[in-house]
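Chemist: Listed here are the chains, written in short residue letters.
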Amino acid sequence: MPNSGFNVLLSVNNLRRLALGLCGTLEIAMISVVISVVLGVFYGLLMTKKNRFIYVLCRVYLDAFRIVPILVWLFLLFFGSAIVFHTDLDGVTVSVIIFSMWGTAEMGDIVRGTVSSIPTHQWQSAQALGLTQWQVHRFVIIPQALRRIAPSAINLITRMVKTTSLVVFVGVTEILRVGKQIIEFNMMKNPMASFWIYGFIFFVYFLICYPISKFSKKLEKKWSY
Amino acid sequence: MSLNWDFIVEVIPIYRSAIILTIRIAIIGVVLSIIVGAVCSLINYYKVRGLNLLVRAYIELSRNTPLVIQLFFLYYGLPKLGIMLSNEACAILGLTFLGGSYMAESLRSGLEAVSRVQVELGLSIGLNTFQLIRFVIFPQAMSIAMPALGANCIFLIKETSVVSIIALRDLMSVTKELIGMYYNTTESLMLLVVCYLLLLLPVSFLLIFVERRLRYAEFGV
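Order-wise, the sequence lines are chains A and B.
Note that the numbering used here gives residue 33 to position 48 of the first sequence, counting from 1, and the numbers run on in steps of one.
For any residue, its number in the numbering used here is found by taking its place in the second sequence, counting from 1, and adding 340.
Chain B extracted, bound-state conformation:
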């Protein structure tokens, strides 16, 4: 089984544009997920009346349905109600809808792990709510939640592999297309795996490093 190197060189630009698309969707999706997750977890933590129940419902709904189904609904179902979104916007929205709840759960467990004493001490030295979150709760919660947040990032990047279902030219659809057109199955599959490893291995090493750094913030356990 020898590889057709000419073919590999020829299709590398196609894979490059596909991997850029994946990276773009993943980065925007992860950042938005963290924002949504942070807002949701704070609502849950402070038990904001009215919103709290809504957030719980959202979290359960999004955690218990697969991304493929969510994307199908967003891309093929919603236009019937007059909500038209481009496929890339759909992918980002779907990823955020899914990721937001995972991030919220991880952040919430971090927030809840910060001991009551810390909050009371903060209040007793006269911090206001914002200062309390910024200087006392947040740093400690982050160091506890970091491993879970990192795992969520990897999970979300992996989940982007399904976006070809809504006609985006990502790594999966490019691979399928090349296999169908040229029958160079070995080369196409190899490039697919290499691309995903290039994407995910650095992220997972980075997360191990960040996790180790944040251990220093752990306090009074």
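Bound-form chain A, shown alone:
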């Protein structure tokens, strides 16, 4: 294949480096997802409480992440940490903190929406059957809530994986940066490299996110009443 440039993708070494770059991003995404799910459940339950003050506080936190772009938040912590905390945070730490904070807000909103969408008669009928408070939760509320949460929560994972591509802005060595290095290294030999490398990265992201979002759609169909 003279000069089609595709062979840049056939090099094992290049593929391995791209995979390592991808793993860095996915690691940030996965850690953030786990933290977000755990904290998000508490945050969501907190929002369903009838306390006006707590609700307003939670709402402001959520809207702060909805209105201001995530990239701006990354910049704020990345460049601002030195002034406020007098320490220097590296890109990975900054990303994990910001993505977890954002994910907690989004997850919390999902949990809040779900818990408040379970009709009151479900609680009342369960109590009328003589179930205890614990049994009401265990057998009636949690199973229904879980089914409604699952599709949107899984969807949130794809959103977080996609958003973690922003870490390139705060100097984390991830797949785009590795791709750039490979392209620059092959500049002379292989001028077509950038098309194939960036096309490949594009496709890889699709391959990761597509099955997850498909799964979430399937759950949604299966578990909707």
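No wet-lab data here; the hints were simulated from the structure.
Just so you know, even glycine gets a beta-carbon here, dropped at the ideal spot from N, CA and C.
Some clues are possibly wrong.
To be verified - If you anchor each label on the Cβ, the simulated ranges turn out as follows:
id, chain 1, residue 1, chain 2, residue 2, range
1, A, Ile197, B, Gly390, 38 to 48 Å
2, A, Glu169, B, Glu517, 17 to 27 Å
3, A, Arg44, B, Ile375, 16 to 26 Å
4, A, Gly156, B, Met530, 35 to 45 Å
5, B, Met530, A, Thr158, 37 to 47 Å
6, A, Tyr195, B, Val349, 46 to 56 Å
7, A, Arg162, B, Leu343, 15 to 25 Å
Go by the hints and put chain B onto chain A.
Modeler: Frame of chain A; chain B shown alone:
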């Protein structure tokens, strides 16, 4: 921590030109997205043979990849095939590619929510396809789809924050540059947040207002 006001006054023109660039890209991108989305959703709704599958593939491809990656491919990858675009054209094209699918999904759910009875009644009083869409389906679908469309607008405006990756002087790149040159980190970051709030808060309030107005169009639910 006191602010350096002289510095802020000095750099405001830089931020102004950056915010104008962001607004320009966002407005063109959102309008084109709505057009692309409307066409795609109608193709899906009427199940136009051949095109339907193509549109589904486009929607899945664009919804499952991040904008940064799409921009990289458009700006650095495509020129190798002889397709040269200016960076602003790339940003708009990327935003449209991303936004089109989001708009299409929201519009489609709106279209599907219009009940079959409405369509049949429209047909039975002798409306043609265009009239049916214009007077029966569209108004009802819009009122249902509006909250999602509004959320998409905000989402797309926020997504414009990544265009600095293809060498556009938007708010992010200006901020980074000023921090690097003058070390006035607090002022630069503050201006950045203020600019984005100035941009996004009015839009989100406007959308709440529009949504409330459109509630009147809801019918027979």
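Chemist: Next step is simple, just say for each hint if it's right about the structure.
Modeler: Now for the hints, and whether the structure bears them out:
{"no.": "1", "hint": "Ile197(A) <-> Gly390(B): 38 to 48 Å", "result": "29 Å, violated"}
{"no.": "2", "hint": "Glu169(A) <-> Glu517(B): 17 to 27 Å", "result": "23 Å, holds"}
{"no.": "3", "hint": "Arg44(A) <-> Ile375(B): 16 to 26 Å", "result": "34 Å, violated"}
{"no.": "4", "hint": "Gly156(A) <-> Met530(B): 35 to 45 Å", "result": "22 Å, violated"}
{"no.": "5", "hint": "Met530(B) <-> Thr158(A): 37 to 47 Å", "result": "30 Å, violated"}
{"no.": "6", "hint": "Tyr195(A) <-> Val349(B): 46 to 56 Å", "result": "49 Å, holds"}
{"no.": "7", "hint": "Arg162(A) <-> Leu343(B): 15 to 25 Å", "result": "34 Å, violated"}
Checked against the numbered hints listed earlier, the structure breaks hints 1, 3, 4, 5, 7; every other hint is satisfied.
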